[in-house]
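Let's have the full structure, built from the sequences with the hints guiding it.
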Amino acid sequence: MVSIVVVRRVKPIPYFVVPITALVIGIVVSMAILFFLTGYMVWPTDVLNSIWDGLTHPNVIANIFLLLTIIGFSLALSFKGGVYNIGGEGQFWIAAWVMVYLVFTTPYLTSGTPLVSKVLVLLIGFAAGFAWALVAGLLRGFIGVDEVPLTLMMNYVAYNLIDWFVMIPGMPWRDVYGYAKTRSLPQSLQYSILPGSTVSVEMIVVTILAGVIVWLLLDYTKLGLTIKIHGSNVKLLRSAGYSVPLTAAVALALSGGFIGLAGVVYLCGVTPSIRIPVETSTSGFGYLGILVTWLSMLELFAVPIAAYVVSSLYNAGFTLMAMKGMQQAGITAGVTNVFIGSVLLMYALLITISEYKIKIVW
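My numbering numbers the first residue of the sequence shown as 1 and each following residue consecutively.
It should be emphasised that the hints constitute simulated quantities derived from the structure, not laboratory data. Note that the coordinates shown come from a computational prediction; the quantities given were computed from them, not determined experimentally. Accuracy of the hints is not assured; some may be wrong.
[Unchecked claim] In silico lysine-lysine, DSSO-like type, Cα no more than 30 Å apart, as pairs:
1. K222 to K235
2. K181 to K228
3. K357 to K222
4. K357 to K235
[Stated by the list, open to error] So the derived label-pair ranges between C-beta atoms look like this:
5. S3 to L55: 43 to 49 Å
6. P114 to N337: 36 to 42 Å
7. V17 to I204: 28 to 34 Å
8. E355 to P169: 51 to 57 Å
9. S197 to I13: 35 to 41 Å
Beta carbons are placed, not taken as given, at the ideal position from N, Cα and C, and that holds for glycine.
Take a look at the structure:
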């Protein structure tokens, strides 16, 4: 009797092969999809040129790159612990909203020097992201709720909470002209753009600090060691006397805290107000960060590289949307999702193939 079984490979395929191959095949699949959807009007060369423009013009994608790098570091922290934080979007926007709320209801936050105010709002963003993620972390750790659907659903809770808060009549954060957005942040909190660029010194500094802190935390602290052991051998962690539920909760909460920094940086350095409905106005950085983290294979040194590539794909999507062929085909949105979805699908397939093989047993 013949049977087909799936067995783990004795020698897995080198890990760096997976993200590179997934990226290449994902782009090829995207080119084919766009080529046929547009009635052969958007050629593969158009797609490649759009991606190349992003790769060779760092100034165009600088802000996206820095934000995705922060989020990539943040998600790597929890992913290394085997806790899969899919709620980066919610943590990103909750942190941004809490900052806006406190800025317009607590005058002393902006009464000091600009440097002190900017540091304070970063701490607020971290605390807000930490607290929001901690809710999911506690449910995951102590009750056993699967964190993937839980954190995903919490994104939509965050969207709707912020929409409701922003539109409360008579509140100090409401836009003075009645538009569906908050007031712009005070000038003292907005980052100064470097001459001849689209990026600020503050964004660069926060990105570097986030990476360094996550690296030090994971590699040089007892907490970091327990998080990594949680991701590889829960039984060992439990036998050593550590709380497995608490470790899972802290890993998820810390990840949310660092993502909260990205939410603050986004408002201070890119756009100074929150537009609603958040779900339709968001750029989806929390979701893009997941692809960055997987493509980096959870290696911190590879996070900026993956963020740069994903930023280029993101930019290519917007470039292609402006093309005549796309508009004639009625495709005016979602092109970026074609790239991201194709690469993620290929990654999931290849990571499985790299670790397992199909064996025919006679």
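Against the structure, the hints come out as follows:
no. : hint                     : result
1   : K222 to K235             : 17 Å, holds
2   : K181 to K228             : 41 Å, violated
3   : K357 to K222             : 37 Å, violated
4   : K357 to K235             : 27 Å, holds
5   : S3 to L55: 43 to 49 Å    : 47 Å, holds
6   : P114 to N337: 36 to 42 Å : 38 Å, holds
7   : V17 to I204: 28 to 34 Å  : 32 Å, holds
8   : E355 to P169: 51 to 57 Å : 55 Å, holds
9   : S197 to I13: 35 to 41 Å  : 40 Å, holds
In this structure, the earlier hints numbered 2, 3 are contradicted, and the remaining ones agree with it.
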